[in-house]
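Put chain C on the given structure of chain G with help from the hints.
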Amino acid sequence: MELKKFDVVLLGHFAIDNDVVNGIEKEVTGSAVYHGAFALNAIGAKVAIVTKLAKKDFSLLNIFKDVGITVFPTESEETTGIRNVYSTDDPDNRRSFFMRSAASFCEADFPPDLSAKVIHIDSLMQKEV
Amino acid sequence: MLKKLSKIADLSIDVQGFMKTRQGDNLILKDWKEKARIIPYLKYLKADIAEATILTGTSDLHKTAKILAKLGAKEIMLTHKEGVLLYVGGEFYQAPFTPKSLKGRSGRGDTCISTYIGKRLILKPYPALCFAAAVTTLKLEKEGPFRGDIKDVETILEKNKKNTNLVSIL
Chain G
1 MELKKFDVVL LGHFAIDNDV VNGIEKEVTG SAVYHGAFAL NAIGAKVAIV TKLAKKDFSL
61 LNIFKDVGIT VFPTESEETT GIRNVYSTDD PDNRRSFFMR SAASFCEADF PPDLSAKVIH
121 IDSLMQKEV
Chain C
130 MLKKLSKIAD LSIDVQGFMK TRQGDNLILK DWKEKARIIP YLKYLKADIA EATILTGTSD
190 LHKTAKILAK LGAKEIMLTH KEGVLLYVGG EFYQAPFTPK SLKGRSGRGD TCISTYIGKR
250 LILKPYPALC FAAAVTTLKL EKEGPFRGDI KDVETILEKN KKNTNLVSIL
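Residue numbers (this note's numbering), protein chains in the order written: chain G, 1 to 129; chain C, 130 to 299.
Worth flagging that the hints you see were computed from the coordinates, not collected in a lab. Note that the coordinates shown come from a computational prediction; the quantities given were computed from them, not determined experimentally. All residues carry an ideal CB built from backbone N, CA and C; glycine is no exception.
Facing chain G, according to a computed beta carbon distance under 7 Å, are these residues of chain C, among others:
(1) S141
(2) K149
(3) D154
(4) L156
(5) D239
(6) I246
Here are the computed lysine to aspartate or glutamate pairs in the EDC-like style, where the Cα-Cα straight-line distance is at most 16 Å:
(7) K26/G <-> E272/C
(8) K132/C <-> E107/G
(9) K133/C <-> D113/G
(10) K46/G <-> D7/G
(11) K232/C <-> E270/C
(12) K56/G <-> E75/G
(13) K229/C <-> E270/C
(14) K117/G <-> D7/G
(15) K172/C <-> D7/G
(16) K136/C <-> D113/G
(17) K55/G <-> E75/G
(18) K232/C <-> D19/G
(19) K55/G <-> D109/G
(20) K229/C <-> D281/C
(21) K55/G <-> E77/G
(22) K136/C <-> E107/G
(23) K232/C <-> E25/G
(24) K5/G <-> D113/G
(25) K127/G <-> E163/C
(26) K132/C <-> E163/C
(27) K271/C <-> D19/G
(28) K271/C <-> D281/C
(29) K149/C <-> D160/C
(30) K149/C <-> E163/C
(31) K127/G <-> D160/C
(32) K192/C <-> E220/C
(33) K133/C <-> E107/G
(34) K229/C <-> E211/C
(35) K55/G <-> E78/G
(36) K46/G <-> D66/G
(37) K199/C <-> E220/C
(38) K253/C <-> E220/C
(39) K127/G <-> E78/G
(40) K133/C <-> D109/G
This is chain C alone, in the form it adopts within the complex:
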């Protein structure tokens, strides 16, 4: 099914759906056995730090991204509690999450990758990433999905541009 879909559009995957495995009533992360067969079809691949570690055997996100790129994914997004790392065309980019609270913890990664692939249709990787991280910041502050105002996103983008320390801690 995935090969067929990759012929009609750019294909993107969040690896959680291929790693989260039922074991009794627990849902635990297990390695994705078909990763070497499927990843070459992907334009976008998203994982969080826990998934990335199991998938590649290292918790070093830079090494993880390179391994996944070698398997064939074109643009790799790795989320963690402080922000998001992107690896595209041999270059690393990063952007911070800067929420004032964590009332909306469910859906962090879903919001980040969706916003990124939507913005990538009109922007280059780094501005699309910064936009996605700003939307995710606002999402983390409220329960439920992001329904906010784009002006609030732009305010966060401006703040992050001025605060270069945020980038250096990632």
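Next comes chain G alone, as it looks inside the complex:
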């Protein structure tokens, strides 16, 4: 088996969130893997994402593929979504509300031919991993 080698693999749900900033709500691409993967890609690390989301949303993953980030998705009924309310200028002061969650990860979701120097667990809420 030939291994697919990466510097860092991020494991976590991709999300379609609603952010509320200063009372204005809008749908945004969310998730820790989204922010983490772009940062790693920008600094020149070879990065991959292992994620889980609804099949109907798989096309949203093109944002990663377009910049050379490899994604290993598995299918779930739902795509995770969190409503984040920022009421002040303090990023530590955030209230989060559940909207939807993809299914939990299992060992079979992690491709056996994937090799990484670091695996970062970038999950969003309990029971995801």
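The following block gives chain C in isolation, referenced to the frame of chain G:
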């Protein structure tokens, strides 16, 4: 699953995914019951100040870092609104966030820890931390993930080196 992954690579965790708990429609932070069992497998552990306080029972970030190190994590990153504290090998390091605005508040910690673990592959802890804090500063200034120019990161690193007051306030 986490034990198995720790055998094929260095393992890193952002504790939010083990603490953010659904209670009705609210997502609230609760203590991570399995922390003593999982943390010994971690090379990197990242928490923000709210998570760290619940996880260890103290809001003193230096004490928190020592408690998490005692549980077995090798490199502990703790973020807060002014910057980031790192505890590695019995030494503390810190670096500031110096954004001109807070247009991109989502993803602060995700950007910081990801950049750190990426840079740690080629740098020692302190330079990797300073780089991660500079990338996070730029991320905080714009909506969406960091897609900026590394030259802008280097400019912030130079500014922070000259402004030692920034380090002393953390």
